[in-house]
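Engineer: Chain P: place on chain L using the hints.
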Amino acid sequence: AQSVSQHNHHVILSEAASLELGCNYSYGGTVNLFWYVQYPGQHLQLLLKYFSGDPLVKGIKGFEAEFIKSKFSFNLRKPSVQWSDTAEYFCAVNAGGTSYGKLTFGQGTILTVHP
Amino acid sequence: SAVISQKPSRDICQRGTSLTIQCQVDSQVTMMFWYRQQPGQSLTLIATANQGSEATYESGFVIDKFPISRPNLTFSTLTVSNMSPEDSSIYLCSVARKAGALVTEAFFGQGTRLTVV
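Protein chains in written order, with the working numbering: chain L, 1 to 115; chain P, 116 to 232.
Simulated from the structure, these hints should not be mistaken for lab results. Don't take every hint at face value.
Stated by the list, open to error - Pair by pair, the computed Cβ-Cβ distance ranges are:
hint, chain 1, residue 1, chain 2, residue 2, range
1, L, 54, P, 232, 26 to 32 Å
2, P, 169, L, 28, 29 to 35 Å
3, L, 107, P, 122, 25 to 31 Å
4, P, 154, L, 112, 15 to 21 Å
5, P, 133, L, 112, 46 to 52 Å
6, L, 9, P, 125, 30 to 36 Å
7, L, 84, P, 124, 20 to 26 Å
8, P, 178, L, 12, 39 to 45 Å
9, P, 125, L, 10, 23 to 29 Å
Stated by the list, open to error - With the C-beta cut set under 7 Å, the calculated list includes, among others, these residues of chain L facing chain P:
hint, residue
10, 40
11, 43
12, 46
13, 48
14, 49
15, 50
16, 107
17, 108
18, 110
Just so we're clear, the structure is a prediction, and the values are computed from it rather than from any experiment. We put the beta carbon where it would ideally sit given N, CA and C, even for glycine.
Just chain L, with the same shape it has in the complex (with noise of 0.2 Å):
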């Protein structure tokens, strides 16, 4: 069964700063990655993705994450955080060839920027 580890419980920043998120998951086949955000009282919504194609993929609100294979990692970044991005934040996998939106989750990385 697949696993994911998110290497950081809280991160705590203040606005500007650079952000990433780390990510790793264990699988040897092929994968489905996602980023997800959980801002406070909301449920959670879909940050960016990867199915296949360029390892950098662009999602929204400026957040970034690059698949490296070799490493079986998934990072999210952001050049600049706002005091906005404030939020939990989970890295999900779906493995390829199980049903399609069967997802597991890491830890959870909870992200408070300070103004």
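Structural biologist: Frame of chain L, contents of chain P only:
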């Protein structure tokens, strides 16, 4: 996108009782799933709700504890049976769409926050 409505949004229940959570989607979807998010933990898939047949449960989850119904392509229910405080969690409904051979993304409801006392 898909709009998912879950009811109730929260509830406080007595141990030993059961709670049924409803999930309504604004359009027909192929795949529906139920997840659990225990306090301080990530989301864990409970089961896939199959339209017209029995749900498919993940390891560690059983039908007697979490019976699921899916009478059509827009609606599903999850029942948490014989509750104990360990069942206190957020329960989320999720749906996924396919675009040809690809799944586009999974959408989530706002969740049901359950507290068992």
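Engineer: It remains to establish, for every hint, whether it holds in the given structure.
Structural biologist: Verification of the hints:
no., hint, result
1, L:54 to P:232: 26 to 32 Å, "51 Å, violated"
2, P:169 to L:28: 29 to 35 Å, "30 Å, holds"
3, L:107 to P:122: 25 to 31 Å, "28 Å, holds"
4, P:154 to L:112: 15 to 21 Å, "19 Å, holds"
5, P:133 to L:112: 46 to 52 Å, "38 Å, violated"
6, L:9 to P:125: 30 to 36 Å, "25 Å, violated"
7, L:84 to P:124: 20 to 26 Å, "24 Å, holds"
8, P:178 to L:12: 39 to 45 Å, "43 Å, holds"
9, P:125 to L:10: 23 to 29 Å, "25 Å, holds"
10, 40, "13 Å, violated"
11, 43, "4 Å, holds"
12, 46, "5 Å, holds"
13, 48, "10 Å, violated"
14, 49, "6 Å, holds"
15, 50, "11 Å, violated"
16, 107, "5 Å, holds"
17, 108, "5 Å, holds"
18, 110, "10 Å, violated"
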